[in-house]
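Colleague: Please model the entire structure based on the sequences and the hints provided.
Protein sequence lines correspond, in order, to chains A and B.
Here the first sequence stands for residues 56 to 695, numbered as in the working numbering.
Here the second sequence stands for residues 60 to 316, numbered as in the working numbering.
Be careful, since some hints might not be right.
Lysine-lysine pairs mimicking DSS-like chemistry, simulated, CA-CA at most 27 Å apart [as the list claims (entries may be wrong)]:
id	chain 1	residue 1	chain 2	residue 2
1	A	Lys582	A	Lys565
2	A	Lys377	A	Lys695
3	A	Lys565	A	Lys395
4	B	Lys210	A	Lys430
5	B	Lys153	B	Lys136
6	B	Lys153	A	Lys448
7	A	Lys395	A	Lys408
8	B	Lys69	A	Lys554
9	B	Lys304	B	Lys210
10	A	Lys354	A	Lys695
11	A	Lys77	A	Lys90
12	A	Lys408	B	Lys153
Derived contacts from chain B toward chain A, CB cut-off under 10 Å, selection only [stated by the list, open to error]:
id	residue
13	Pro114
14	Arg122
15	Ile125
16	Thr144
17	Gln148
18	Glu179
19	Thr181
20	Ile193
21	Ser194
22	Val195
23	Gly198
24	Asn204
25	Ala216
26	Phe217
27	Lys244
What follows is a set of in silico ranges between Cβ atoms, one per label pair, in the way DEER data are often shown [to be verified]:
id	chain 1	residue 1	chain 2	residue 2	range
28	B	Pro201	A	Asn578	52 to 62 Å
29	A	Gln70	B	Glu284	55 to 65 Å
30	B	Asn134	A	Lys430	32 to 42 Å
31	B	Lys210	A	Asn569	45 to 55 Å
Hints in this document: simulated from the structure, not taken from any laboratory.
All C-beta atoms, glycine included, are put in the ideal place defined by N, C-alpha and C.
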Amino acid sequence: MIGSLDSNTPEGDIQGLWEQHKFDMKLVNPNNKRKFTVIVVGTGLAGASAAASMAELGYNVKAFTFHDSPRRAHSIAAQGGINAAKNYQNDGDSVYRLFYDTVKGGDYRSRESNVHRLAEVSVNIIDQATAQGVPFARDYGGLLDNRSFGGAQVSRTFYARGQTGQQLLLGAYSALMRQVDAGTVELHTRSEMLDLVTENDRAVGIITRDVLTGEITSHGAHAVVLATGGYGNVYYLSTNAMMCNATAAWRAHRKGALFANPCYTQIHPTCIPASDEFQSKLTLMSESLRNDGRIWVPKAFDDERPARDIPEGERDYYLERKYPAFGNLVPRDVASRNAKTVVDEGRGVGPLKNGVYLDFSDAIARDGEDTIRAKYGNLFQMYERITGEDPYKVPMRIYPATHYTMGGLWVDYHLMSNLPGLFVIGEANFSDHGANRLGASALMQGLADGYFVLPYTIGNFLADKLAEPVPDTAGVAFVEANQGVQQQIDHWLNVNGTKSVDYYHRELGKLVWNYIGMARNKNGLEKAISEITALEEEFRANVRVLGSADGLNQSLEKVQRVADFFELGRLMARDALTREESCGGHFREESQTEEGEALRDDDNYSHAAAWEWTGEGNEPIRHIEELQFDYVALTQRSYK
Amino acid sequence: MDQVISLTLKVWRQNGPDDAGAFQTYQAEGISQDASFLEMLDIVNERLIEEGTEPITFESDCREGICGTCGLMINGKAHGPELGTATCQLHMRKFNDGDHITIEPWRAVSFPVIKDLAVERTPLDLIIEAGGYISVPTGSAPDANLTPVPKEAADMAFDAAACIGCGACVAACPNSAAQLFTSAKLNHLNLLPQGQAERWQRAENMVETMEMYFGTCTNHGECHEACPKEISLDFIAFMNRDYVKAKIKNRKLAGQR
Numbered sequence: 056m057i058g059s060l061d062s063n064t065p066e067g068d069i070q071g072l073w074e075q076h077k078f079d080m081k082l083v084n085p086n087n088k089r090k091f092t093v094i095v096v097g098t099g100l101a102g103a104s105a106a107a108s109m110a111e112l113g114y115n116v117k118a119f120t121f122h123d124s125p126r127r128a129h130s131i132a133a134q135g136g137i138n139a140a141k142n143y144q145n146d147g148d149s150v151y152r153l154f155y156d157t158v159k160g161g162d163y164r165s166r167e168s169n170v171h172r173l174a175e176v177s178v179n180i181i182d183q184a185t186a187q188g189v190p191f192a193r194d195y196g197g198l199l200d201n202r203s204f205g206g207a208q209v210s211r212t213f214y215a216r217g218q219t220g221q222q223l224l225l226g227a228y229s230a231l232m233r234q235v236d237a238g239t240v241e242l243h244t245r246s247e248m249l250d251l252v253t254e255n256d257r258a259v260g261i262i263t264r265d266v267l268t269g270e271i272t273s274h275g276a277h278a279v280v281l282a283t284g285g286y287g288n289v290y291y292l293s294t295n296a297m298m299c300n301a302t303a304a305w306r307a308h309r310k311g312a313l314f315a316n317p318c319y320t321q322i323h324p325t326c327i328p329a330s331d332e333f334q335s336k337l338t339l340m341s342e343s344l345r346n347d348g349r350i351w352v353p354k355a356f357d358d359e360r361p362a363r364d365i366p367e368g369e370r371d372y373y374l375e376r377k378y379p380a381f382g383n384l385v386p387r388d389v390a391s392r393n394a395k396t397v398v399d400e401g402r403g404v405g406p407l408k409n410g411v412y413l414d415f416s417d418a419i420a421r422d423g424e425d426t427i428r429a430k431y432g433n434l435f436q437m438y439e440r441i442t443g444e445d446p447y448k449v450p451m452r453i454y455p456a457t458h459y460t461m462g463g464l465w466v467d468y469h470l471m472s473n474l475p476g477l478f479v480i481g482e483a484n485f486s487d488h489g490a491n492r493l494g495a496s497a498l499m500q501g502l503a504d505g506y507f508v509l510p511y512t513i514g515n516f517l518a519d520k521l522a523e524p525v526p527d528t529a530g531v532a533f534v535e536a537n538q539g540v541q542q543q544i545d546h547w548l549n550v551n552g553t554k555s556v557d558y559y560h561r562e563l564g565k566l567v568w569n570y571i572g573m574a575r576n577k578n579g580l581e582k583a584i585s586e587i588t589a590l591e592e593e594f595r596a597n598v599r600v601l602g603s604a605d606g607l608n609q610s611l612e613k614v615q616r617v618a619d620f621f622e623l624g625r626l627m628a629r630d631a632l633t634r635e636e637s638c639g640g641h642f643r644e645e646s647q648t649e650e651g652e653a654l655r656d657d658d659n660y661s662h663a664a665a666w667e668w669t670g671e672g673n674e675p676i677r678h679i680e681e682l683q684f685d686y687v688a689l690t691q692r693s694y695k
Numbered sequence: 060m061d062q063v064i065s066l067t068l069k070v071w072r073q074n075g076p077d078d079a080g081a082f083q084t085y086q087a088e089g090i091s092q093d094a095s096f097l098e099m100l101d102i103v104n105e106r107l108i109e110e111g112t113e114p115i116t117f118e119s120d121c122r123e124g125i126c127g128t129c130g131l132m133i134n135g136k137a138h139g140p141e142l143g144t145a146t147c148q149l150h151m152r153k154f155n156d157g158d159h160i161t162i163e164p165w166r167a168v169s170f171p172v173i174k175d176l177a178v179e180r181t182p183l184d185l186i187i188e189a190g191g192y193i194s195v196p197t198g199s200a201p202d203a204n205l206t207p208v209p210k211e212a213a214d215m216a217f218d219a220a221a222c223i224g225c226g227a228c229v230a231a232c233p234n235s236a237a238q239l240f241t242s243a244k245l246n247h248l249n250l251l252p253q254g255q256a257e258r259w260q261r262a263e264n265m266v267e268t269m270e271m272y273f274g275t276c277t278n279h280g281e282c283h284e285a286c287p288k289e290i291s292l293d294f295i296a297f298m299n300r301d302y303v304k305a306k307i308k309n310r311k312l313a314g315q316r
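Modeller: Structure follows, in structure tokens:
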């Protein structure tokens, strides 16, 4: 039974809290570290950095990825950059300012102590990555360059062309491979975690399936770390990679780990709209485009004319009109919601009327095509490759798409879930971004957790467990979990229905997008719960998974992920329904200001909601962690 | 405006590593030219599932041309006809109605076929494991701006670091050589000041690990043509120079010990 949620944040002034706590935490003697086995699931930024760092310390690390190589994790696709409070630009940045901006940007729904620690260690990440050879952008003096990102008033974003994620991941991956070579990390590629094993409510291991051979294996450890990313693919169409899924986190949830704030999802405003029903994923266009592009739609409904034939007076530059101070640079959630409004009104553009224009003609006239090419050339090229249209000549078409999920498994100050021995890092946890993540902060959090937080906190957990052997995988809990996984696989192969897994995933995605997307209301959320349930029943009875379990079978992998998305989608709706306020990425239509902006309700909802699984078909239980704001003053955001 | 086209696909089907495998022909009717190449295969697969036929196995993940998971031989070309483009970024507007398209997996001894169009590329990771890193344990790094890096060096290292590890270079090479991949990975680190301490050991270890698994480079340049990131052949020359130097330097260093 779970009591009230305690974040286990130490007492004291926030500025010295982490430093002091590092001293207070228990240590494991260097010679004893090898007696501990730690499992890390996922080898993206968070997982690779954690596995490498813990192996360097001397722990026995077993790292698991379902990819063929750790370098393929979706961290690789992050474009923009990584924030750090280095203040190299001498423009007034500081740890405290990054902390403040992150809490405010999260619309006051994150835990102050975690965010401050994140800002503190941000500077170490840049040092670490640079020493690894990450080729951050440099100026002509050879020093690191920065840019302002996502409307920040200081230039604190480090970047590596448009592929910061790839370069940072290659750094963490190389550190991991160094440890693999040293024999301190046992790397299991193409191994998908399908269950968490618990004994007496403590995490003791995992069950994996080798996706090439189908072999199901049990692995025991003194601690299990999940670094398995976010759940954006519940929407089917998102900027996530095709294989991104919530299964590891969800199976842990079903074993007792609380799932916090699932309704906090981030919809990114500048993505390329879907072109047809068979669109498999959406592609993000960097937010930086909004610095020079002007967003508009025709004033008239169902205007069929090409963009260039619509005279200036018949265009509605709606962001500039509604938000004269910030214009096209309003935060992500505001830009996204306004795009939805105009498209819903019937003023969308493009063949499917599902986009808005992002127009560079004024910028090209002002600065010249060469300047625009130098700034955005690679993005324009990517756009042309996907759409076949030349954005130097016709305006881009953009529309919001799911990009990141702030919710995730609940963790305390030590990044440990409510299940002792289960740690959750990176996008998979809920900790640092509140209800909205700032641009260039995802990479920062993943690496902060992996390099500089978990390696300390896990020692504190393990220190008094020296006498404990590695859990025996012949134990009852392992055998039962192993059999459970096997039974599920057999079940899916025997449904023999008529429709593909992708069909149901697409249909689920439509429900989640329509009801739990950019704007939510009570009626819609109630419908979401019932319609998801109905579709899930059909899915379970009528999905068709061909082939066998004893070899590579992509439909079999997918069907289990989609089954978990159904349950997760329903929890998202429930979470959104009970949070009767608007905050960050969660916009409840019933809670808005007179101008139609998001209206928080700090009196009633200044807390994190963490849900407890109570069995299939049962109502989950909502626990809360009260959030306390001792340092950052709560204000209503305004961009007028 | 883009059209709807129909195609005849000749696809390699192989039901496991030990199966002989053979081409199968499929009709892909009514494909929008807006679709990507992999979305075209998704559509074909949905139809196969409806018919009760196991779908074609092929790998992809990010579908943004950065993770390096995808990779098909399309009409004999690694990643297909468009230069500097990974398979996932190739769109059907590059094809015409009535085209016949042959789709095969990467063909290289070190990339065994797992199933249909999916291959295993583990030796690429083994090359990294052999030395594709800078030894800097977490926490031991000096301030990032302590060592200025000349912009030219930083830019060139970046050009090498852009490699996405897809293996197209190996697939395109008549010798199944991995020089372009290895040289990109090696030069990314060897061109930077941070990489100097281990430069010569790294060169020897990575090159010799590469040679254990892959063929020999005979300067065809097919790798560069196939590379979705257009990695320069110059890096192979740099690698060869570093390797020769390394063999001498590492012996000298050994003699000093």
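Colleague: Give me the numbers of the hints this structure contradicts, sorted from smallest to largest.
Modeller: none
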